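Peer 1: Listed below, chain by chain, are the residues.
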Amino acid sequence: MSERPSQGLSFRGALPRGRRLMIAVLASVAVLALWEVATRFGWMNALFFPPPSTTFATLVDMIEEKNLLYHAMVSTGRVWLAFGLSVVMAIPLGMAMSSFPAVGAALEPIVDFIRYLPVPALVPLSIIWFGVGEETKIFLLWLGTFFQLLLLVADDMRRVPQEYIEIAYTVGARPTQMLSDVAFRAMLPSLFDNLRVTLGWCWTYLIIAEIVAADSGLGFVIWAARRYMNTSEVMAGVVAIGLIGLFTDQALRVLHKFMFRYL
Amino acid sequence: MPAPYLVFKSVSKNFGALEVVSPSFDLEVKRREFVVFLGPSGSGKTTLMRMVGGLETPTKGQITIDGQPVEGPDRSRGMVFQSYSSFPWLTVAQNVAFGMKYRLDISPKKKKERLAHYLALVGLTDFANVYPNKVSGGMRQRIAIARTLAAGSEILLMDEPFGALDAQRREDLQLQLRLIQQQDAKTVIFVTHDVDEAVFLADRIIVFSKRPARMLEEIDVTALLGTERTLALRDSEAFFHLRTKILRLVRASAGADE
Numbered sequence: 103m104s105e106r107p108s109q110g111l112s113f114r115g116a117l118p119r120g121r122r123l124m125i126a127v128l129a130s131v132a133v134l135a136l137w138e139v140a141t142r143f144g145w146m147n148a149l150f151f152p153p154p155s156t157t158f159a160t161l162v163d164m165i166e167e168k169n170l171l172y173h174a175m176v177s178t179g180r181v182w183l184a185f186g187l188s189v190v191m192a193i194p195l196g197m198a199m200s201s202f203p204a205v206g207a208a209l210e211p212i213v214d215f216i217r218y219l220p221v222p223a224l225v226p227l228s229i230i231w232f233g234v235g236e237e238t239k240i241f242l243l244w245l246g247t248f249f250q251l252l253l254l255v256a257d258d259m260r261r262v263p264q265e266y267i268e269i270a271y272t273v274g275a276r277p278t279q280m281l282s283d284v285a286f287r288a289m290l291p292s293l294f295d296n297l298r299v300t301l302g303w304c305w306t307y308l309i310i311a312e313i314v315a316a317d318s319g320l321g322f323v324i325w326a327a328r329r330y331m332n333t334s335e336v337m338a339g340v341v342a343i344g345l346i347g348l349f350t351d352q353a354l355r356v357l358h359k360f361m362f363r364y365l
Numbered sequence: 205m206p207a208p209y210l211v212f213k214s215v216s217k218n219f220g221a222l223e224v225v226s227p228s229f230d231l232e233v234k235r236r237e238f239v240v241f242l243g244p245s246g247s248g249k250t251t252l253m254r255m256v257g258g259l260e261t262p263t264k265g266q267i268t269i270d271g272q273p274v275e276g277p278d279r280s281r282g283m284v285f286q287s288y289s290s291f292p293w294l295t296v297a298q299n300v301a302f303g304m305k306y307r308l309d310i311s312p313k314k315k316k317e318r319l320a321h322y323l324a325l326v327g328l329t330d331f332a333n334v335y336p337n338k339v340s341g342g343m344r345q346r347i348a349i350a351r352t353l354a355a356g357s358e359i360l361l362m363d364e365p366f367g368a369l370d371a372q373r374r375e376d377l378q379l380q381l382r383l384i385q386q387q388d389a390k391t392v393i394f395v396t397h398d399v400d401e402a403v404f405l406a407d408r409i410i411v412f413s414k415r416p417a418r419m420l421e422e423i424d425v426t427a428l429l430g431t432e433r434t435l436a437l438r439d440s441e442a443f444f445h446l447r448t449k450i451l452r453l454v455r456a457s458a459g460a461d462e
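As they're listed, the protein sequences go chains A and B.
First residue of the first sequence: 103, per the numbering used here; consecutive thereafter.
First residue of the second sequence: 205, per the numbering used here; consecutive thereafter.
One chain only, chain B, in its complex shape (with noise of 0.2 Å):
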């Protein structure tokens, strides 16, 4: 069993009298370990991984990598959220290599096979010198997951970064982050309300209440359907299954307090 990686050690959070976070959240991820936080809109699960980048702290309790507390936000853990995903103003280059621009340990030499790297990953070598307005949402997306890499982040923070796309780009990109996060071994917080989504890319989800948030219900997609994600799984009767199970779950909670 490997030390856990990150952790959330009884956390709370509350803006003013409103609770967003409450009683207390309790949660240890693993390195490369995909999490999925699922849930209705608005139920706190998006400042949880929030507080994860540093962007919020917690009002009571703390969250730890590696035993060292967040302090801030830090390049070793990277955002990409559903919208203003990427500068306008800069190229995709330019963007993919903004993930670098303040690092100085690396020789602009270094930083120049990377980004050539980095483009190559996500598919849009062929795209550098455009810009985002140019391009798709999806490639938009890309840029924004080939930026965080750059940056080197260890860990992915992404909120909802499919959720403007239409079906076919979604699942695309669904199954390109999971190559992608499998061959960088890379911790991901994803959060969603999309439960084929959460099913498809997680390692394990978290099924969250409405505001407060409150773990209902942890489910370990892993041991259920295996780390390999293919179209065709999507297909597959297990998968059915714990689709259905959860959407219950979900509706359950939903209707629960209405």
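Pulled out of the complex, with its shape left as it was, chain A reads as follows (with noise of 0.2 Å):
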């Protein structure tokens, strides 16, 4: 035996990055085939299931004709916007959870409860409290995401080494320098991580926050077509924040090694 044929279904085993793109690639290819044959050969309704070259002409369409583009920018927009928001509100609280046992002890029950709640169920008292605007999709989008995010950083925060901490302050770094220049730092790794994963959540809130009196954005492109009964374009605008979702990821993946290269 001079070499094993393929380690990729041996246990940990090591894929080499082309026949990982290889496999990704035929993977993807074979759903979509799957997914085609299954409606030509009448296995599924094409009226209530479009198969892939229905909905990627339509794709097409509602680019040229719809706006679709402009939609998906502001889908965009908002879902950074809210998780921005999310972002810049759960790291320094989150920080302060893990840090300082009584921060964490007053936030903890408050945040598992918000945690748990559906968002959907908050729809109509964000309607009360914000109107039917911008304000309302901001707030549903950073509500579905805050909270988690929280718990994530202050995770993370728990997970760096005393080690790390000591070494500050035996050198001579004050609280506020050890936190920004160590335990930000030596957390950073994995709160990309949590970041990227959670941003993906905050898309999926996308058409709850945009069915809401709104008359842009992927969700509303979504929830308008339904109405009709336009199955194509309901499979287009969520295959467009499938292929967001992909490649927002991808690049934040190739960003995490570049940024991290240390590691």
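Derived from the structure by calculation, the hints contain no laboratory data.
For clarity, every value in this text was computed on a predicted model and none was experimentally measured.
A virtual CB, placed ideally from N, CA and C, is assigned to each residue, including glycine.
Certain hints may be false.
Pulled from the structure, derived: some chain B residues nowhere near chain A, Cβ distances all over 10 Å [stated by the list, open to error]:
| id | residue |
| --- | --- |
| 1 | 207 |
| 2 | 231 |
| 3 | 235 |
| 4 | 246 |
| 5 | 270 |
| 6 | 272 |
| 7 | 310 |
| 8 | 325 |
| 9 | 327 |
| 10 | 342 |
| 11 | 367 |
| 12 | 370 |
| 13 | 376 |
| 14 | 382 |
| 15 | 383 |
| 16 | 397 |
Estimated spans, in silico, between C-beta atoms of each pair [claimed, not checked]:
| id | chain 1 | residue 1 | chain 2 | residue 2 | range |
| --- | --- | --- | --- | --- | --- |
| 17 | B | 338 | A | 194 | 29 to 39 Å |
| 18 | B | 327 | A | 290 | 26 to 36 Å |
| 19 | A | 279 | B | 387 | 24 to 34 Å |
| 20 | B | 245 | A | 116 | 33 to 43 Å |
| 21 | A | 119 | B | 320 | 36 to 46 Å |
Relying on the hints, combine the two individually framed chains into one complex.
Peer 2: Printed below as a string of structure tokens:
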């Protein structure tokens, strides 16, 4: 035996980059092909489940005729704004939660309670509080991510080795310097990963946020198409969200690799 | 007889109901002395060392340096840990320079000179711009030592710093550490459970009991082996005898209450 044929199926085996990409592409193509074939042979009703060929044709059509890119940009803007707000609030608060036991003790029950509330259940309240404008949409997206993120940040901070903190103090760092120069830097790689994951969650709340009296955004597009049973447009809208997710995630992975080359 | 430099005065420590150092610990350490705390893992010797670093406070008693009570951490007392001893996101040079990051009393130019000096001292000049994940465990410990020296620490507090290294690297680093300590005239408190290491490095060994930590025996190694430590010394009869004597002592104390 000179070489094992493939390690891809051995437990935690190695998989070369090229082969990895090949498997990823093949699997995606296979799913699309199955989907296409299933509607062509009438296993599934194309009216309810438009095949990929129709979906992509509709997608192109919507980009050309119905300003889909504009709607995608509006949605992306909302997601990033709400998510940015979550991040800016969650990082200091999360770090405080695991740095100071009293802060953690005070916030944990509240956060755990809110974390389990379904976002849709708060839509009526949100409308009463913020009206039907942008504020409600941003609030709902923020709500879906902030409390989750808070606990993840607190966890990242908790995992910073005590040694790092003590090294900082024994070379004369003040507490604020320790937090910014050492604790934050130490948790950054895992924080970045958690941000990447929670950004995905933020997108999943988009429909809920954008069905409330919206006249723009992918959620609005999907919801409007649903009203006319235009399933291929619904599907195209969903695919658009998926594609944005796919590209964002891959881009962030590359950025992670680039930023944390020391790992 | 020089005045005592670092003094433990009737120090005891408990974490809640758990007695860590009891009933009380007294010790006087001279300036430039290399003192090894030897004892079983979890015996409380690390806690005593951490109290010198200002990372723990005694429940009772006091620790003083030059007559001044220790209050919190300070860059005059540097720590070298067994693991997580350097920051992975900084290069070797940046890690060493981190020791001076918060020093406003020396100019950037002087910092550069000091950095070069301490990098060379621990033999890491060629690895200055490499991240710690690319160097060996032994080099990572040398980064930590250089950082504490660059910080200007007078007392080095070392918590089983070579515990995770293989035998060959361990020996190299012990030799280097002893040399650096002699040249730079530093006071060292070194915690280990390795008898060989203790005998080779120490001017004086404090043998500890199991928790709660009590001093079982004090051994003046320098009186028996002199101050110069070479690899040849390791093979000498005097070294062997001392090592055996201490091993027996440690074994007896471990078996005493089992």
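Peer 1: When you look at the beta carbon of residue 272/B, is every beta carbon of chain A farther off than 10 Å?
Peer 2: holds, 17 Å
Peer 1: Are all C-beta atoms of chain A more than 10 Å from that of residue 270/B?
Peer 2: holds, 18 Å
Peer 1: Taking 10 Å as the cut and beta carbons as the points, is residue 397/B off the interface with chain A?
Peer 2: holds, 19 Å
Peer 1: Taking the shortest Cβ-to-Cβ distance between residue 231/B and chain A, state whether it exceeds 10 Å.
Peer 2: Holds, because the least Cβ-Cβ distance between residue 231/B and chain A comes to about 21 Å, which exceeds 10 Å.
Peer 1: Between the beta carbons of residue 338/B and residue 194/A, is the distance compatible with 29 to 39 Å?
Peer 2: holds, 33 Å
Peer 1: For residue 383/B, is the shortest beta carbon distance to chain A beyond 10 Å?
Peer 2: Answer for residue 383/B: holds, closest chain A Cβ roughly 23 Å.
Peer 1: Confirm or reject the statement that residue 327/B sits farther than 10 Å, beta carbon to beta carbon, from all of chain A.
Peer 2: Nearest chain A Cβ is 21 Å from residue 327/B, so the label holds.
Peer 1: For residue 246/B, is the shortest CB-to-CB distance to chain A above 10 Å, so the non-interface label stands?
Peer 2: Residue 246/B clear of chain A: closest Cβ-Cβ about 16 Å, beyond 10 Å.
Peer 1: Checking the smallest CB distance to chain A, is residue 235/B really beyond 10 Å?
Peer 2: holds, 19 Å
Peer 1: Would the non-interface assignment of residue 370/B survive a Cβ cutoff of 10 Å against chain A?
Peer 2: Residue 370/B is indeed farther than 10 Å from all Cβ atoms of chain A, at 21 Å.
Peer 1: For residue 310/B, which was marked as not at the interface, is the minimum beta-carbon distance to chain A over 10 Å?
Peer 2: Since the minimum Cβ distance to chain A is about 12 Å, residue 310/B lies beyond 10 Å and the statement holds.
Peer 1: Checking the smallest CB distance to chain A, is residue 382/B really beyond 10 Å?
Peer 2: holds, 22 Å
Checked against the numbered hints above, the structure violates none of them.
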